[in-house]
Structure formats: structure tokens, C-alpha cells
Amino acid sequence: MTEEQQLKLQAFLDGELPEDETREIISLITRDEEAKALHAELKNTRRAIKSSEANVRLPEPREFFWSKIEREIQKLEPVVESKPSVSFFDQLRRLLVPMSAAAVVVIAGFIAYQQMLPVHSTETEMAMADSSAFTYHDYSAGMTLVWLPFPAENDLAQNSAPATIQ
Amino acid sequence: MAEINYSSADDTVLVRAAQKEDMGAFEELVARHRDKVFARALSMMRHEQEAIDLSQEAWVKGWQRLKQFQGDSSFSTWMTRIVINLCLDQLRKQKRRHMESIEAMSEESGGVERQMPAVTVNPTERLERGELRQRIDRGLERLSHEHRTVLVLHEFEEMDYKGIAKAMDCSIGTVMSRLFYARRKLAAVLADLKREM
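Chains A and E supply the protein sequences, listed in that same order. Just so you know, the first sequence maps onto residues 14 to 179 in my numbering. Just so you know, the second sequence maps onto residues -18 to 178 in my numbering.
Simulated from the structure, these hints should not be mistaken for laboratory data. Wrong hints could be hidden among the right ones.
[Claimed, not checked] In silico BS3-like pairs for lysine-lysine, Cα to Cα no more than 25 angstroms straight-line: (1) LYS81(A) with LYS147(E); (2) LYS63(A) with LYS48(E); (3) LYS56(A) with LYS17(E); (4) LYS48(E) with LYS88(A).
[Unchecked claim] Residues on chain A that point at chain E, a partial pick, calculated with CB under 7 angstroms: (5) LEU20; (6) LEU55; (7) ARG70.
Bear in mind the structure is a predicted one, so any value in this text is a computation, not a measurement. Idealized CB from N, CA, C, for every residue including glycine.
With the hints as extra help, turn the sequences into a complete structure.
Structure, rendered in C-alpha cells:
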């Protein structure tokens, strides 16, 4: 018998041989004495093994064995149920509302800040304390010009180079 | 909770009660199936104290996982699977390599067992039960843990080749070879034939 035939014979005994090969093995067992003997040996060994566990007994009294198990069980920490895992999209959805609220606050604040900022254009204003003084602001250039009347207004009219303050 | 007569209740009732943390019900299940779980551990480990310790550990694990038991198999089968997995873990840790390498070499070379003539005497007829068990124990001890595991999973757990291959992370061909080798080795021991390793 070949090694392959031996393993097929075992598979046949174990009910694991495909149907198309079963007929070949049955024929082999019928006509070949060696195959027949091997089949019988495997069958007897299998029966003997199965019967061997029948009378095995745990060599400790019931109460003693149970007391050890019970002690170990009582030592166990209570099982904390793990939270079910949350998908990425669920997490994103949960963050969406607070993120949106924060964005609205930021945008509103920005708009308010923008409104508080002085207009970036040239602006003139009259200094109220002295009706002759004249102030000129240029925010874009970062420049403020102040005309102050000199004692001689005529001089001012003629020499009107302004003092610049930046 | 209604009072249960533990000793007369069937396993399904006891399991359901134990799943609700009825320790009395679980104790009854332990009493009923402790011998089978121990026998399975002993077949795997071939060492009584190790088998007792692993059985105990299996019962504690069984309690922890009880809510996962759905009734797809019998409760005793579910428990024996737990103890087998514990035994496999333990055997891997113990690294009984020297025995396995001899067995592996023997298997690779074709093995004496593959070539020996068939044993024609039926050991269950010839030997008394006690002597038969002793011979089987001796035979199992001579096997590597991988050969022994295949035998235990097939003969006692009644797993098919595919299930064993998955449990042992090997091919179906390897399962078949190991099973054949283990059976022939045992047959030789049962027939009291002297073989040199």
C-alpha cells in the first residue's frame, strides 16, 4: 500500500473521504489483505481510545474542588462592559454642533470687531478746543497731520507747510 | 427567582440560572462535568496535577464567559473546548521541543509505524479495562503534544479534519498524517510490541 492509500483508508474510516474515492478504497479493502488488516487495526484502536476516558475521575473531593473555584471567582474584578466603539462619522456628527456654534461666535465676533475698527480712509476732524486747529488723519498711511495756528495767521496763510506727525 | 432543584434540573436550566449569577446552579454544573473536563485535560497534559490546575482554571473561565454560551453545542463540549485551549497554551509555553523534534523526524522519514504490519489483535477484547487504560496512557505519553492533541481533538472532541486543522493552525494533510502516526503508535503499544524511538 502506498502512503496515500493508507491516508485515504483512514479518511474512509473517519467518514472524511470524498464519495468518488470511497468506491476505490472499499474495493482495495475487499481485495487486499494488508489494507483489510490496516482498516481493522485503525478501527480497533479508535474504539480502544474512546473507551479509555470513560472511568477517569477527578482525584479531589467535590467540595474541595468547588471551594477553589469559588474563591477564584470571588477574586474576579467586576466585568466592566466596554463601551461600544463609535464610528468616525458618529464622532464627527457629535462634534458638528459645538463646532458650528463656535464658528458662529467667531464670525460674529469678527464682524463686531470689524465694525469697531476705524474706517481705513482719510478723515478730517476739527479739534474742538481750538477752532483754528485742523487735524488730518490718514489711517491707511498711518499719518496724522495737525495744523496749528501760529500767532500770526497771516504767516500761516502764507507759509502753510504743515508739521507732520506720524 | 423560582427555587430550582439543582440535582434534578437539566443542564439548560442550570446554565440559564448560572448566567443570572446563580452560583448554586454553576456548582451543580461543575459537579456534573468536572470528571469529563479533567479527563480531557489529563489526556492532553499527561500530568495529574497540571490537569487538575487547568481544569480549575477552565471552570473559572467558564464562569466568566457563561453569558457567551448560546447552546450551539452541549455545555460539557463547550467546557472541554475551553480546557483544551488552556492545555494548548500551556503546552506551547512549556516547549517540549526535544520530544517533538524526534517525532517530527520520525514522521518525515516515513516513520516505522507507517511501515509496520497491521496489528490484528483487538485490544478491547484481549485486555481488561484497567490494563487497556494503562496501555493507552503509556501510548499517549509517548506521543508529542501535537500528535496527542490531534488524537484528543478527533477521538474525544469528535472534531473533523478541517476543524482540527483550524484549531492547530496546520494543513488538513498534516492533521491526517499526525492522526495516522498517533493511531499506529498506540496500536503498537496496545499490542505490547517493543519499538525503538
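- Query: So which of the earlier hints does this model not fit?
  - Reply: The structure conflicts with hints 1, 2, although it agrees with all the remaining ones.
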